[in-house]
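Novice: If you want the building blocks of each chain, they are given just below.
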Amino acid sequence: MSYVTNILVAGIGGQGVMTAADIIAQTAIRAGHDVKKTEVAGMAQRGGVVTSHVRFGEHVYSPSITPGHADLLLAFEPAEALRWAGHLRTGAAALVNTFAQTPPVVSLGLFEYPDAPLEQLARYPISVSSLNAGDMAIGMGDRRLVNSLMLGAAARHLPFDSGLLKQALLDRFANKGGKMLTLNEQAFDAGYREPGKI
Amino acid sequence: MTAAEQVRNPQAIFISGNEAVAMAARDADCRVAAAYPGTPSTEILEYLSAYPTVYSEWSINEKVSLEVAIGASLAGSRALCAMKHVGLNVASDALMTQTLIGAVGGLVIAVADDVGLSSSQNEQDSRYWGRFAHIPVLEPCDAQEAYSMTRFAFSLSEQFSVPVLLRLTTRICHVKGLVRTDASEKTVARFFNKDSSRYVMVPGNARNRIPLMMQRDKELAQFSESCELNRFEPGQDRRIGFVTSGAAYCHVRETFPEAPVLKLGLSHPAPIETIRAFAQEVDQLIVAEEVEPLLETELKAAGIQLSGKDILPRIGELTPSVLRPALAQLTGDTCTTAPATQNDLFPRPPTLCVACPHMGIYYCLAHVKNTIISGDIGCYTLGAGQPWNALDTCISMGASLSVAQGIDKGRSEADQNKNVIAVIGDSTFLHMGMQGLLDITYNRGNVTILLLDNRAVGMTGGQNAPSSGLDLHGEETIQVDFRKLCEALGVKPARIHEVNPYELPVLFKALREEVKQTGPSVIITNQPCVLTERYRQQPVLAVDADRCTGCSNCLDVGCPAILVERRETVIKPNGREKQLAFVKIDSAACTGCNLCINTCGPDAIIPLSRDSRINAVEVSA
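So the sequence lines, in the order shown, correspond to chains A and B.
Here the first sequence stands for residues 1 to 198, where the numbers follow this note's numbering.
Here the second sequence stands for residues 1 to 621, where the numbers follow this note's numbering.
Hints in this document: simulated from the structure, not taken from any laboratory.
Each residue gets a CB set at the ideal place from its N, CA and C atoms; glycine is no exception.
No false leads were mixed into what you were given.
Derived list of chain B stretches under chain A, where covered just means 3 residues or more per stretch with a C-beta under 8 Å from a C-beta of chain A:
| # | stretch |
| --- | --- |
| 1 | 171-177 |
| 2 | 345-356 |
| 3 | 558-569 |
| 4 | 579-592 |
Facing chain A, a subset of chain B residues (Cβ under 10 Å, in silico):
| # | residue |
| --- | --- |
| 5 | A12 |
| 6 | S118 |
| 7 | A143 |
| 8 | V252 |
| 9 | R253 |
| 10 | T255 |
| 11 | E317 |
Computed beta-carbon distance windows for the label pairs:
| # | chain 1 | residue 1 | chain 2 | residue 2 | range |
| --- | --- | --- | --- | --- | --- |
| 12 | B | P52 | A | E119 | 54 to 62 Å |
| 13 | A | G91 | B | A301 | 43 to 51 Å |
| 14 | B | E219 | A | N175 | 47 to 55 Å |
With the rest of the complex left out, here is chain B:
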């Protein structure tokens, strides 16, 4: 279907790739869907949660979500789990065994790679898992294909009894395009078929499954040669021919409209013979793939001459602005793309939200001496930025505790007087952090743990978790009791504190006392994320200009609502210069959390309604 046909088709809807995956799963009669939220995959489950025919859940972590989906598939239902690229590392243990068992009901693993790192701790290429786990990889290039390939993935999974990896990238997940959906289907009712020789992967049984997996690989490779998802698009200019997939295909088509292109939808196993034949028809064959030279290496091993990462970058997206100059080297064409003029502007890094309950924590951490602070994934990572600079490590989800244990046990003589602190959020603690805490208590670690419970998965937008007491649908469910949980994991009751993170003196006291203790301590904070409905706004604050001394202590809180009105340089009695910054509060952004009041010596910060001489950004123009 051409774009013009799509536009004329009144059925075409304008949706993102993530929404398209969700709609396709529903239309394919998927019964169970599970995920842990993670950018750019989060919305898949949020959309699926709206469909009553699909059981959908936020799982504790990606391994659990895959295991839930595997169980559903073995029970005979079509199932989907979604995750971001780093999530598949977590889920990989289950994946590597499931590949031997194979699917019963169609099993689709939608993995979203953050190509270009918009919000991840690394950039990785999930297509490797296709080779590693011997499973097919489908790569949609836009929202329309995200829909049609998700539909296809379920039937492919059942045809070959194999889990199917749907490789998405940010430019699929978060791009809206016009999509035409197909009629929904009704799958046949199946049942759980007891078959321990297939489902119980003890060595003897697993050994028998491996040849079957190898046979499946061969059949899939044959299937790929004639699969309609691997599409040839002829072109007039045969100087360069492209083999490409996913978002890279769109960028190639945009940049080289006249070039012949072999677009791979089923990119693993690759249709090697089809590509070999294509290579004969063009002067030079280019593999354009995001991120790793995966297909390139396979094709070279098959004796096909081509170019790839020798001219194209190995990191980030292959956008037209990247492709055009890189290929100009080969064609000898002049590159007409003007390089973007860069301004020498201030950076605008992401920061904690106005009134974020974590701000007080980082304010305290920045003021406690002799610390090594182990951080974690999520909003807490922002504590590494200005003005707090209060994080020393951040590796992976849940790693703050185990890394802190390692720092404690591995510290040199020079660090003996340092206080080792681990900072972790509620959802992250439940995802993978609990195990680290047990390791600390069990192995007598000396770590102070800050468990920042804001009752939500904050960084991805405030999704629910067992700490919220609400499920994916917003329905009430159990709410985990962190005090009891920490106690069960071996922390002494006297070493567990629950504090209000907006009460800075209380927070300071708890922190200063606990870092002195031998053995693990846990300080749990108890105020909700400001992005959630739970957060209650209080009277807005303002600065009394007559009282503000310009000390700028309040700026150390890091609240984006505190702005500098004017700066002055004064000479102190000792002859040194001192910079003063007189502040105002953006009353349209302030939510009255009162954190800054705690830091203001001259009591210049007051409720907006109490004083008319305030120095706030005016509410009415």
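For reference, chain A alone in the conformation it holds in the complex:
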């Protein structure tokens, strides 16, 4: 069977996980692949765990990534990176936004947020890069820029030209006016420059 590339995007409802996955899928289509994209998002708008699976190659049958077969994990939150790390294959890459978000069950003291999630991640047979996309986005003036920052950082790991991915992102803002377009382009570039291996 021809090889299929598996991208797992993970985060929390409301972070733009599905949009990021959609942009990767659009880029894969432009690169000439067959593509399937799905999400696991039970009641996702209410702060629950969200993942989106993007699979592309010569022919994609199942929309779901088999655990242990993901090539890249794009994690929008450090604890969520840890939650899904086991779905990566040996030698895969994880790209993590280090901006932590604690749910009410942690605030209430019922559960603990993991200690040093990036150090725990480093124990997996994968390569981990990180950036604080949350702080960077807030610094750039809009929290929603996390998405573009993460995509920019992901461009280094995806098997297509980074310009193609950037264009698919910018096409989303083509009719929304210059400021959003410029901001997202800047965020993409900043994300592309930023992540360092840990």
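Start from chain A and add chain B according to the hints.
Specialist: Using the frame of chain A, we list chain B on its own:
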């Protein structure tokens, strides 16, 4: 068409299964579409609403939506109704009679099963309705087939004068793939043909229709044997052959690329003889179906030897990670799939949104003693979670009132002092709750009803309902007056209250007073869902760190924007330990609803702009 051809085809578009169903209905000249929103089917009608050639509506419930579609079909138009699996239970009364009448204009019932339970109160297999109602079942496996089979369903419906069940699952509805559409068609103009012997299902007429239905079953079974939707895919490795359908087909193909597969698109009536012949060509025949062993039982009854649910799970999706180890038992192959490593991480359950008007209600309910609280479907179900733990039952849509009536009437001596409370939302009340209220008033029930009117179907994303004053298209229409409605259903005017759910003292007062009353009371809340355009954001709040005493009362509201900055353990004068939690407010998430201010004794929660010594998450890095 292969994937590569699809990709090369500039006409191919990247859409979800739900969007594909909507486009296909439009292209098939469907004139009327109706639904009640429900995950994972909701988007079908949202997409259809954009097409001016299709009349589309949010109906009050699924039975009504099917009846609207039936009427349109009898009037000669092609019609579609969409619902999630539990919705078909509601609509089943209409379905079981419609199957005798049959369709005139093509009638398609798109039912989305939540296989794996992403957001439903149960997992059920809608294919049963095909057998029960004697109607054909089509099962697309991806967005492309969702498109082509919806087109096919309308013509099949007209060819056999039968409603057609399009069985979707989450992995069809919410999976995007490349889809090539076909030229749209124009149906012939028909008219309503008065024919009471066919359309009026009194016993004498219905009795005459049953043999016709049986004859239709036979013809459909014959049709299935040669139907092009039932496709044979040869394979090199004949140790195992698969009969499969829907999303399970994709998972089978992914996992066993060399196995021969009989893929059923028209899965009921099944092409029994075709399957019998296929069984002769392979060492072992496996039926891979999500969820129930439905086809498996039929084939076994026909004397065909096979395996199915003896090796495959009966719940959830048949993904490659499930199929591979299960089949390895039969083939003797080693299973190479590494089990996913699980981390011992905190759960991240769904919770009410920041500033949700329901949070105050559940805060109050959690603080009122001696209650039995009957809950309902929708966001209110989340009140069962932390920190409120304020729900005792949740059965089905609209059931909170009737279940509460049952609890009231059936309570034992030990529960005589308990206050029975029912919680229901606006859209849910209109869907099926009104009847329960009438039962309570008519039969002198003693229930306090909280009617949480947030002017939207909140859980599915804030769709409109008669409580919104807006229709599916966002156009203005009537807005139901709940006070008058409750009065009409028999509640005394003095026992109906309208309250602002953000004003906790008012809410507490109304609740405490009404639970003491004999007879039904209704407390209606009047603030919009935060996901809708109606919601107005107010100045963002922050915590004055100098004043915060760490009492953590505010955490009991359950707002996701309130975060713990640090914890301390102190020894109280009585020698007991006390945990303190000093909080901050995520200013990027806060919308200034002021609920938490009500719970803060030391007045440490203040508008962000008023004090610079605040302990908020910084706005600029």
